[in-house]
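All chains should be modelled from the sequences, with the hints used to inform the complete structure.
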Amino acid sequence: DGGITQSPKYLFRKEGQNVTLSCEQNLNHDAMYWYRQDPGQGLRLIYYSQIVNDFQKGDIAEGYSVSREKKESFPLTVTSAQKNPTAFYLCASSRITGIEQFFGPGTRLTVL
Amino acid sequence: SQQGEEDPQALSIQEGENATMNCSYKTSINNLQWYRQNSGRGLVHLILIRSNEREKHSGRLRVTLDTSKKSSSLLITASRAADTASYFCATDARKKLVFGQGTRLTINP
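If you read the protein sequences in the order shown, they are chains A and B.
Counting in this note's numbering, the first sequence tops out at residue 112, every number present.
Counting in this note's numbering, the second sequence tops out at residue 221, every number present.
No lab work stands behind these hints, which were simulated from the structure alone.
Among the clues, some could well be false.
Okay, derived cross-link-like pairs now, BS3-like style, lysine-lysine, Cα gap no bigger than 30 Å in a straight line [claimed, not checked]:
(1) A:57 with B:207
(2) B:168 with A:70
(3) B:181 with B:168
Just some of the chain A residues that point at chain B, by a computed CB distance under 8 Å [unchecked claim]:
(4) 18
(5) 41
(6) 42
(7) 58
(8) 60
(9) 100
(10) 101
(11) 103
(12) 104
(13) 105
The beta carbon of each residue, even a glycine, is placed where N, CA and C say it ideally should be.
Here's what the structure looks like:
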C-alpha cells in the first residue's frame, strides 16, 4: 500500500520549544515538500528537496529547518524562532519537481 | 509569492448543478494543476493540463486553459454532496508548485 504518511496528526507545543514533524513516503519519489496552511488560506511552501542530501528554501523558510538523509524521509523542525507556528502542515512528494504531487494527511500544530 | 488566484472564493450550489471555478496566474507556465482538499485533510490531485493543451476531461471534470489570458477553469458537472471541498489551482514556477487561495465549494442536498 504505497503512500505518504505524516505523524503525529495533532501536536501541541509550548512556546520556546522546538518540535519535529515526521514525513515518510514509500512511493520512491525523489522530490519532497513541506507546506504550511493557515485557516481559509492556500498552501505556502516552506522547504523542498529534489534529491537526497539536498534541499532548498521555499517562500517562508524562516524559523524552520529540514533534513533529507534518506529518500523516504523528510522531517521538518519548527524552531522557537518561528513566531507564529500554529498551523496545519502538509508534506508532499512527487517523482520529479513540477508534476503531480501526492500529499500526506497533515499535522495540525498548536502552540500553547 | 502567489501565482494563482481562484475565483470565486466560495460557491454554494444545489446537488446536480454544475460548478465552475476559475484560476488566474501571472507568469508563463509549463502546466497547471487542480487539487481538491476535504476539510482537515491533505490535498488530492485531480488533473494536470499542459501549456500546449486547451482542454482536458477526467470523468465529471473538465479543465480549460487559456494561456493568452493566463487563466484556467475547472467545471464539475452533475455535482454531488461528496464534491463539497476546497479546490486549488497550482502552477509550476521554477520547479516548485505555487498554489492559489482556493475556492470553497458547498453542494447542498
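A quick look at each hint next to the structure:
A C-alpha spacing of about 12 Å is found between residue 57 (chain A) and residue 207 (chain B), which places the hinted pair at or below 30 Å, so the restraint holds. Taking the CA atoms of residue 168 (chain B) and residue 70 (chain A), the gap is near 36 Å; set against the 30 Å cutoff, the hint is violated. Distance hint between residue 181 (chain B) and residue 168 (chain B) is fulfilled; the C-alpha atoms sit about 17 Å from each other, no more than 30 Å. Checking residue 18 (chain A) against chain B: minimum C-beta separation of about 24 Å lies over 8 Å; hint violated.
Because the beta carbon of residue 41 (chain A) sits about 6 Å from the nearest beta carbon in chain B, less than 8 Å, this interface hint is met. Given hint, residue 42 (chain A) at the interface with chain B, holds; its Cβ is 4 Å from that chain's nearest Cβ, closer than 8 Å. With a least beta-carbon distance of about 7 Å to chain B, the hint placing residue 58 (chain A) at the interface is held under the 8 Å criterion. Below 8 Å, beta-carbon pairs count as interface contacts, and residue 60 (chain A) has none with chain B, the closest being about 10 Å; its hint is therefore violated.
A least Cβ separation of about 5 Å between residue 100 (chain A) and chain B falls short of the 8 Å threshold, and the interface hint therefore holds. Evaluation of the residue 101 (chain A) hint against chain B yields a held restraint, the C-beta minimum of about 6 Å falling below 8 Å. Hint on residue 103 (chain A) holds. Least Cβ distance to chain B is approximately 4 Å, under the 8 Å limit. The interface hint given for residue 104 (chain A) is met, as the beta carbon of that residue sits about 5 Å from the closest beta carbon of chain B, less than 8 Å.
Checking residue 105 (chain A) against chain B: minimum C-beta separation of about 5 Å stays under 8 Å; hint holds.
Of the numbered hints stated above, those contradicted by the structure are hints 2, 4 and 8, listed in ascending order.
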